[in-house]
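Enquirer: Keeping their order, the protein sequence lines are chains A and B. Mapped onto my numbering, the consecutive letters of the first sequence carry residue numbers 29 to 119. Mapped onto my numbering, the consecutive letters of the second sequence carry residue numbers 15 to 286.
Do not take every clue at face value.
Claimed, not checked - Computed list of lysine-lysine pairs in BS3-like fashion (alpha-carbon distance at most 27 angstroms, straight line):
| no. | chain 1 | residue 1 | chain 2 | residue 2 |
| --- | --- | --- | --- | --- |
| 1 | B | Lys-247 | A | Lys-91 |
| 2 | A | Lys-77 | A | Lys-45 |
| 3 | A | Lys-92 | A | Lys-66 |
| 4 | A | Lys-91 | A | Lys-45 |
| 5 | A | Lys-92 | B | Lys-279 |
| 6 | B | Lys-151 | B | Lys-247 |
| 7 | A | Lys-92 | B | Lys-46 |
| 8 | A | Lys-92 | A | Lys-30 |
| 9 | A | Lys-83 | B | Lys-113 |
| 10 | B | Lys-103 | B | Lys-113 |
| 11 | B | Lys-252 | A | Lys-91 |
| 12 | A | Lys-92 | B | Lys-113 |
| 13 | A | Lys-45 | A | Lys-57 |
| 14 | A | Lys-83 | A | Lys-66 |
| 15 | A | Lys-83 | A | Lys-98 |
| 16 | A | Lys-57 | A | Lys-83 |
| 17 | A | Lys-57 | B | Lys-103 |
| 18 | B | Lys-164 | B | Lys-240 |
| 19 | A | Lys-30 | A | Lys-83 |
| 20 | A | Lys-98 | B | Lys-279 |
| 21 | B | Lys-151 | B | Lys-113 |
| 22 | B | Lys-151 | B | Lys-252 |
| 23 | A | Lys-45 | A | Lys-30 |
| 24 | A | Lys-45 | A | Lys-92 |
| 25 | A | Lys-57 | A | Lys-98 |
| 26 | B | Lys-46 | B | Lys-240 |
| 27 | B | Lys-252 | A | Lys-83 |
| 28 | A | Lys-83 | B | Lys-151 |
| 29 | B | Lys-252 | A | Lys-45 |
| 30 | B | Lys-111 | A | Lys-83 |
| 31 | A | Lys-66 | A | Lys-45 |
| 32 | B | Lys-151 | A | Lys-77 |
| 33 | B | Lys-151 | A | Lys-98 |
| 34 | B | Lys-252 | A | Lys-98 |
Stated by the list, open to error - Pair ranges (Cβ atoms, derived):
| no. | chain 1 | residue 1 | chain 2 | residue 2 | range |
| --- | --- | --- | --- | --- | --- |
| 35 | B | Ile-186 | A | Lys-77 | 31 to 41 angstroms |
| 36 | B | Ser-260 | A | Asp-106 | 22 to 32 angstroms |
| 37 | B | Asn-129 | A | Asp-47 | 43 to 53 angstroms |
| 38 | A | Thr-55 | B | Glu-196 | 21 to 31 angstroms |
| 39 | A | Asn-44 | B | Glu-110 | 36 to 46 angstroms |
| 40 | B | Glu-269 | A | Thr-55 | 17 to 27 angstroms |
None of these hints come from the bench; they were simulated from the model. It should be emphasised that the depicted structure is a prediction, and the values quoted were computed from it without experimental measurement. Backbone N, C-alpha and C define an ideal beta-carbon position, used for all residues, glycine too.
Take a look at the letters that make up each chain.
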Amino acid sequence: MKISISIFGTRADCENKADIVIPEAATLKDLITEFSLKYMQDADLILDKDGNLRKHLIIQVNKKRVMVGKVAEYELADGDEVTIYPPVSGG
Amino acid sequence: MTQPTSKCDCSKSAAGRYERQLPLFGIEGQQKLAEASVFIAGTGGLGSPVATYLAAAGVGKIVLLDCDSVDVTNLNRQFLHRESDVGRKKAESGSEKLKEMNSEILVESVCGLLNEENVKEIIGDCQIIVDALDNDKTRRILAAFAKQTKRPYFHAAVSGFQGQFAAFYPEIGPCYFCAFPEDEDDFEENENTSETRNSEKKKPVFPIVGATAGIIGSMEANEIIKYITGAGKIQVGKLFIWDGLSCIFDVIDIESDENCSVCGKNNKNDGC
Ligand SMILES: [Zn+2]
Numbered sequence: 029m030k031i032s033i034s035i036f037g038t039r040a041d042c043e044n045k046a047d048i049v050i051p052e053a054a055t056l057k058d059l060i061t062e063f064s065l066k067y068m069q070d071a072d073l074i075l076d077k078d079g080n081l082r083k084h085l086i087i088q089v090n091k092k093r094v095m096v097g098k099v100a101e102y103e104l105a106d107g108d109e110v111t112i113y114p115p116v117s118g119g
Numbered sequence: 015m016t017q018p019t020s021k022c023d024c025s026k027s028a029a030g031r032y033e034r035q036l037p038l039f040g041i042e043g044q045q046k047l048a049e050a051s052v053f054i055a056g057t058g059g060l061g062s063p064v065a066t067y068l069a070a071a072g073v074g075k076i077v078l079l080d081c082d083s084v085d086v087t088n089l090n091r092q093f094l095h096r097e098s099d100v101g102r103k104k105a106e107s108g109s110e111k112l113k114e115m116n117s118e119i120l121v122e123s124v125c126g127l128l129n130e131e132n133v134k135e136i137i138g139d140c141q142i143i144v145d146a147l148d149n150d151k152t153r154r155i156l157a158a159f160a161k162q163t164k165r166p167y168f169h170a171a172v173s174g175f176q177g178q179f180a181a182f183y184p185e186i187g188p189c190y191f192c193a194f195p196e197d198e199d200d201f202e203e204n205e206n207t208s209e210t211r212n213s214e215k216k217k218p219v220f221p222i223v224g225a226t227a228g229i230i231g232s233m234e235a236n237e238i239i240k241y242i243t244g245a246g247k248i249q250v251g252k253l254f255i256w257d258g259l260s261c262i263f264d265v266i267d268i269e270s271d272e273n274c275s276v277c278g279k280n281n282k283n284d285g286c
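Could you build all of it, start to finish, from the sequences and the hints given here?
Expert: Written out as structure tokens, the structure reads:
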């Protein structure tokens with residue numbers, strides 16, 4: 029199935045948007061992991077050293093938030109649109 | 015909560031200084047501003063616009079906190095400070111400018127680091143807590159204190175051309191911890207804190223254009239003024255995320271988390 033994934037903000041370190049073909053029953057975590065490893069220069073922004081998604085990410089599927097704690101069990105459907113918002117913490 | 019003593023007699027200055035905002039919320043709203051007390055954590059890129067607009071609007075008491083001194087690299091965005099302030103304590107430099115701008119309000123400065131032990135004493139009777147910080151660790155101390163003591167907490171953060179803003183209210187909607195669950199292995203946290211900046215483990219500081227902090231800090235001030243005066247509708251459970259390079263805001267719905275470590279069903283904190 030084909031999923032559209034984008035990362036919010038104008039970025040120099042990765043493709044902003046991609047259509048990724050993933051197997052049926054793949055989870056949101058699988059998709060984001062593949063995106064960050066394949067499309068981002070620095071996957072550290074998305075993944076911690078154990079390969080888990082960073083809790084500060086905000087993730088939306090079809091404009092509805094999915095908490096990071098639920099991504100491993102969240103099954104995607106063909107045509108879903110996923111958006112990742114990387115953390116911002118400066119002042 | 016006891017009201018702080020304000021020097022602001024807004025009936026006297028209303029016709030002059032505040033004339034252009036009175037049509038928006040009346041003398042009653044202006045009096046509420048005069049009686050309000052706001053604690054602003056951080057006197058840098060975000061703190062400059064927030065403190066400036068709140069002082070200009072006539073917020074009766076403003077307390078500025080910062081542990082840092084003014085550095086020349088701050089001047090691209092931290093407009094409360096001038097070239098001649100380099101080396102001075104930011105909280106003192108900032109409070110001096112606010113007093114120059116509005117002599118009718120009370121402004122206090124606290125030069126120090128906020129921690130779990132001193133947060134109660136430092137915030138004192140300030141009713142409104144404003145996050146203009148540069149690190150998540152201190153944000154969590156402030157946000158937890160705000161929730162536990164039933165005070166509103168206004169959150170903002172910026173980096174590069176991006177920024178975000180959200181308001182968290184004591185009686186309604188999610189808290190900061192619902193929006194941003196704690197991460198032990200935090201990526202950004204270790205990068206920019208005032209503590210680590212001065213330590214051996216120094217990492218590159220985040221890039222920032224001053225206008226980003228201006229946009230997000232001004233949003234923060236706007237929501238605080240609305241909250242105090244009752245003008246308009248407060249935004250509950252919304253996170254506003256700004257991309258300055260594309261000139262767009264995204265709005266994300268933030269829900270209360272029943273398993274939240276601060277306001278969830280399994281914690282024993284007051285006010286949750
Ligand atoms: Zn919560």
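Enquirer: Each of the hints needs a verdict: does it hold here or not?
Expert: Hints, verified against the model:
1. Lys-247/B x Lys-91/A: Holds, at roughly 23 angstroms.
2. Lys-77/A x Lys-45/A: holds, 24 angstroms
3. Lys-92/A x Lys-66/A: The hint holds at about 25 angstroms.
4. Lys-91/A x Lys-45/A: Satisfied, since the Cα-Cα distance of roughly 15 angstroms is no more than 27 angstroms.
5. Lys-92/A x Lys-279/B: holds, 23 angstroms
6. Lys-151/B x Lys-247/B: Given that 27 angstroms is the threshold and the Cα spacing comes to 30 angstroms, the pair is violated.
7. Lys-92/A x Lys-46/B: It is violated: about 37 angstroms lies between the C-alpha atoms, which goes past 27 angstroms.
8. Lys-92/A x Lys-30/A: Since the Cα atoms of Lys-92/A and Lys-30/A sit roughly 19 angstroms apart, the hinted pair holds (cutoff 27 angstroms).
9. Lys-83/A x Lys-113/B: Since the Cα atoms of Lys-83/A and Lys-113/B sit roughly 41 angstroms apart, the hinted pair is violated (cutoff 27 angstroms).
10. Lys-103/B x Lys-113/B: Given pair Lys-103/B, Lys-113/B holds - Cα atoms ~16 angstroms apart, limit 27 angstroms.
11. Lys-252/B x Lys-91/A: Answer holds: Lys-252/B to Lys-91/A is near 13 angstroms, not above 27 angstroms.
12. Lys-92/A x Lys-113/B: Given pair Lys-92/A, Lys-113/B is violated - Cα atoms ~45 angstroms apart, limit 27 angstroms.
13. Lys-45/A x Lys-57/A: holds, 17 angstroms
14. Lys-83/A x Lys-66/A: holds, 21 angstroms
15. Lys-83/A x Lys-98/A: holds, 11 angstroms
16. Lys-57/A x Lys-83/A: holds, 12 angstroms
17. Lys-57/A x Lys-103/B: violated, 45 angstroms
18. Lys-164/B x Lys-240/B: holds, 18 angstroms
19. Lys-30/A x Lys-83/A: holds, 25 angstroms
20. Lys-98/A x Lys-279/B: Within the cut-off at roughly 19 angstroms; holds.
21. Lys-151/B x Lys-113/B: violated, 30 angstroms
22. Lys-151/B x Lys-252/B: holds, 22 angstroms
23. Lys-45/A x Lys-30/A: With a Cα-Cα distance of about 13 angstroms, the restraint between Lys-45/A and Lys-30/A holds, given a limit of 27 angstroms.
24. Lys-45/A x Lys-92/A: holds, 18 angstroms
25. Lys-57/A x Lys-98/A: Satisfied, since the Cα-Cα distance of roughly 9 angstroms is no more than 27 angstroms.
26. Lys-46/B x Lys-240/B: Roughly 11 angstroms between the alpha carbons, so the hint for Lys-46/B and Lys-240/B holds.
27. Lys-252/B x Lys-83/A: Given pair Lys-252/B, Lys-83/A holds - Cα atoms ~18 angstroms apart, limit 27 angstroms.
28. Lys-83/A x Lys-151/B: holds, 14 angstroms
29. Lys-252/B x Lys-45/A: holds, 24 angstroms
30. Lys-111/B x Lys-83/A: violated, 39 angstroms
31. Lys-66/A x Lys-45/A: Distance ~12 angstroms between Lys-66/A and Lys-45/A Cα, so the pair holds.
32. Lys-151/B x Lys-77/A: holds, 20 angstroms
33. Lys-151/B x Lys-98/A: holds, 24 angstroms
34. Lys-252/B x Lys-98/A: holds, 20 angstroms
35. Ile-186/B x Lys-77/A: 31 to 41 angstroms: Holds: the Cβ-Cβ distance is about 38 angstroms, inside 31 to 41 angstroms.
36. Ser-260/B x Asp-106/A: 22 to 32 angstroms: holds, 28 angstroms
37. Asn-129/B x Asp-47/A: 43 to 53 angstroms: Holds, at about 47 angstroms.
38. Thr-55/A x Glu-196/B: 21 to 31 angstroms: holds, 23 angstroms
39. Asn-44/A x Glu-110/B: 36 to 46 angstroms: holds, 44 angstroms
40. Glu-269/B x Thr-55/A: 17 to 27 angstroms: At 21 angstroms between Cβs, range holds.
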